[in-house]
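Residue strings, one per chain:
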Amino acid sequence: MLVKALIALVTVAAGIGAALLLYYILNLIAERLPGGWEDRIKPYLLILPAFLAIVVYLIYPTVLTFINSFKDNFSRNWVGFANYRSLFESSSFVKGTLFNTLLWILIVPAVCVILGLLVATLADRLSPQGEKTAKTIIFLPMAVALVGSAVIWHFIYDSEPAGSTQIGLLNGIRSIFHQGPVAWLNTSTFHLNSVLLMVILIWGQVGFSMVLLSAAVKGVPTDTLEAARMDGASERQIFARVVIPQIRGTIITVFVTVTIGVLKVFDVVYVTTDGNFNTDVLGNQFWTQISTFFNYGAASAIVVIMMAALIPIMWYQVRHFRAEEAA
Amino acid sequence: MTDTVTAPAAASPARKARKPATHFDPNPAKAGWFTRIVLLVICVLWLIPLIGALVTSFRTTSDAANTGWWSVIVHPSTLSSLTLQNYSSALGGTQHMGTAFINSLAITLPATFIPILIASFAAYAFTFIEFKGREFLFLTIVAMLVVPNYVAFIPILKLYRDVGLNGSFPAAWLAHIGFGMSLAVYILRNYMSTLPKTVIESAKMDGASHYMTFYRLVLPMSVPALASFAIFQFLWVWNDLLVALVFIGPGNNEPVTVALTGLQGQFGKGWELVTAGGFITMLLPVIVFFALQRFFIRGLTAGAVKG
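Protein sequence lines correspond, in order, to chains A and B. Heads up, the first sequence stops at 340 in my numbering, and the numbers go up one at a time, no gaps. Heads up, the second sequence stops at 308 in my numbering, and the numbers go up one at a time, no gaps.
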C-alpha cells in the first residue's frame, strides 16, 4: 500500500508539474517573438490549452459520434440509418428506455424545483440557526456519490422472501401491519420502480435547487413585499404574485440544469437494477450497448438522440448569454 | 450533475443581505407551527436513509442479514453489539477500499488542479485582452457547456487504445480536464469580468506584463471563484462512476466508486461491508462539504441567480 501511495504521489506531482511547465514554455515562446507579434499572439497562446482540451474531448468526439452512428458495431462500414431503425423498431427501447427517460425528465426537474422552493421559503421563516440546520440536512446528500446513494437507499427498498425478516424499511413497515413484502424495485406496474429510483436522485438534487432558490427568495426586495402587504394581500397571494415572478429566472436556471443532468442519468439505474424490470434509461442503455453488446454504432446513435434533446437547450443558452452580455 | 450550465457560477461580490424588517412591520411571515412541522418531516425523511445505512455499517454480519437496521434504535440494548470490524475489513484485505481511496486521490487532485490552471489563463485572456474572434470563441465555449460527456467515450476510448493510455491515471485526468473545461472557463470569466477594470489597466500603465498582472492581481482577486469551482470539480470527479468505469475500469487503479460497485455485486448479501465501503467513499466529500460549506453555497448562488 505504501508503494502504491508513493507511485500515486509521483504520478500526481508529474502531472501537475507538466501542466505548469506547459505555461512556462508558452510564455517563453511568446517572449522570443519579435516586438508586435508577442502581444498579437499571446491571447491565443493563453487560450490554446483550454481550447485544445475542448476540441479533443468534446468537439472532435461529437463529430465522430455522429459519423459512427451511421456505421456498424465496430465503426468499419457504413450502414445508413440501420442503427436508428433497429433502435426505434425495438419496442423495449421505445416503450422502455426512451419512455422511461421521458418520465425522468418530466418528473425529476419539476419535483426538485417544487420541493426546493418549498424548503427555501419555509426555512426562510425560521431562526437563522434553525434555517442553517434544515438547509444543511437537505443539502448533505449532494456530497454523496450516486453510487453511495444507491447503497444507502437499499435499506429502504430491500425485499426479502415472504416469511423471513425484512431489512428494508418499507417492507418492515408493511410487516407491522401483517402485509406481505413487496419487491419494490422489480415492480414496474405504473412504473413504480422507476419512480422509486427517481426518489433517490431527487433526494440528492433538492439541495442544489434549494440553495439557488433560497438565494433568489432572499434577493426579492423587501419593499415590494411590504407594498403588497399594505395593499392587504395575503401571504399566499404575495408568494404567487410578488415572489414567484421575481425569481422566475432562477426557477428556469434550476429547471434547465436539473433537466440536463437527468437526461444523462446513469449511476442510480446502473447500480440498482441495471435497467432490468423496465427501468432502463438512455445512459444505462448506452453502457449496455458498449459493455455487453460491443455495439459502438447503436451506442453512438443513442448519444445522438441525447444530443438532439439537448440542442434546444444549447440554443437557448447561447441566446441567453448574448442577451445578457448586451445588457 | 456538475456539467451544469450556470450552476456553480462564481460569487458576485455585490450581493447584499436582505434588509431587516422595518419597525412597523415586524416580519409578519414568521414560522408558525405548520411551517415547523412540514420542515421537520422533510428533514427527518432526508436523514432516515443515511441513518439506516450508517447503523448497518457498524453491525455484525448476522445482525445485518437477520434484523432490520431500525431494531438497533427500537432495542437500544443491542447497541453493544455494534462493531468497527466492517471498516477494517473493507479498507484492507481483499476488499481493497484503502487502495481505491488512494487511487481516488491520485485521480481527483490533478483533475481538479490542472483544469483550474488552464481555465484561469484562458479566462484572463477572454476578460482582459482584446483579440480577433474573441466573442465567437467564447460563444463556442458557452455552447459546449451543454454537450454531454457521452459523446467522448467511444472516440476517446479508441484514441487511448492507440496510445496505450487506457486504465492509467492520466487517462482519467485528461478526460476530466476536457469535460470540466468549458464550465471552468465560463465561471472564471464571468467572475473576472466583475473585477474593477481600472486596477488592471493602471497595472498595465506601470509596465506590468500580462503574466505579472495575472499572478499578482487577477489570480488573488479571483480566489472565491477559483475555490467554488475547485470544490465542484473535486466533488464531481471524486463521485464520478461512468468516466472511471470507461477509462480506468475495475482493477489496480480503480477509484472508490468503481470499487464500491464491485463490492456490491460481489457480495450481494454482505450489506454491512458494502455500507462501510459506502461511508469510506463519502468520507472525504462530506469533510470537504462541511469545511468549505460557505464557499460552496456562495459559489453556487450568486452567479446563477443573475440568470
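One or more of the hints may lead you astray.
Unchecked claim - Below, a list of computed lysine-lysine pairs in the PhoX-like style, where the Cα atoms sit at most 25 Å apart:
| no. | chain 1 | residue 1 | chain 2 | residue 2 |
| --- | --- | --- | --- | --- |
| 1 | B | Lys205 | A | Lys84 |
| 2 | B | Lys198 | B | Lys133 |
| 3 | A | Lys277 | A | Lys145 |
| 4 | A | Lys231 | A | Lys84 |
| 5 | B | Lys205 | B | Lys159 |
| 6 | A | Lys277 | B | Lys159 |
As the list claims (entries may be wrong) - Selected chain A positions facing chain B (in silico; Cβ < 8 Å):
| no. | residue |
| --- | --- |
| 7 | Val16 |
| 8 | Val107 |
| 9 | Gly109 |
If you are wondering where the hints come from, they were derived from the structure by calculation, not from laboratory data. These numbers come from a predicted model, not from an experiment. Just so you know, even glycine gets a beta-carbon here, dropped at the ideal spot from N, CA and C.
Evaluated hints:
In summary, the hint linking Lys205 of chain B to Lys84 of chain A is not supported, as the alpha carbons are separated by about 54 Å, beyond the 25 Å threshold. Among the hinted pairs, Lys198 of chain B with Lys133 of chain B is consistent with the structure: their alpha-carbon atoms are about 20 Å apart, no more than 25 Å. Our distance criterion of 25 Å between C-alpha atoms is broken by Lys277 of chain A and Lys145 of chain A, whose separation comes to about 31 Å. Of the pairs offered as hints, the one joining Lys231 of chain A and Lys84 of chain A is violated, with about 53 Å between alpha carbons and a cut-off of 25 Å exceeded.
Of the pairs offered as hints, the one joining Lys205 of chain B and Lys159 of chain B is violated, with about 46 Å between alpha carbons and a cut-off of 25 Å exceeded. Taking the CA atoms of Lys277 of chain A and Lys159 of chain B, the gap is near 22 Å; set against the 25 Å cutoff, the hint holds. Restraint check, Val16 of chain A versus chain B: the minimum CB separation of about 11 Å is more than 8 Å; hint violated. Proximity of Val107 of chain A to chain B is violated relative to the hint, the smallest CB-CB distance being about 20 Å (cut-off 8 Å).
Interface hint at Gly109 of chain A: violated, since its Cβ lies 19 Å from the closest Cβ of chain B, which is beyond the 8 Å cut-off.
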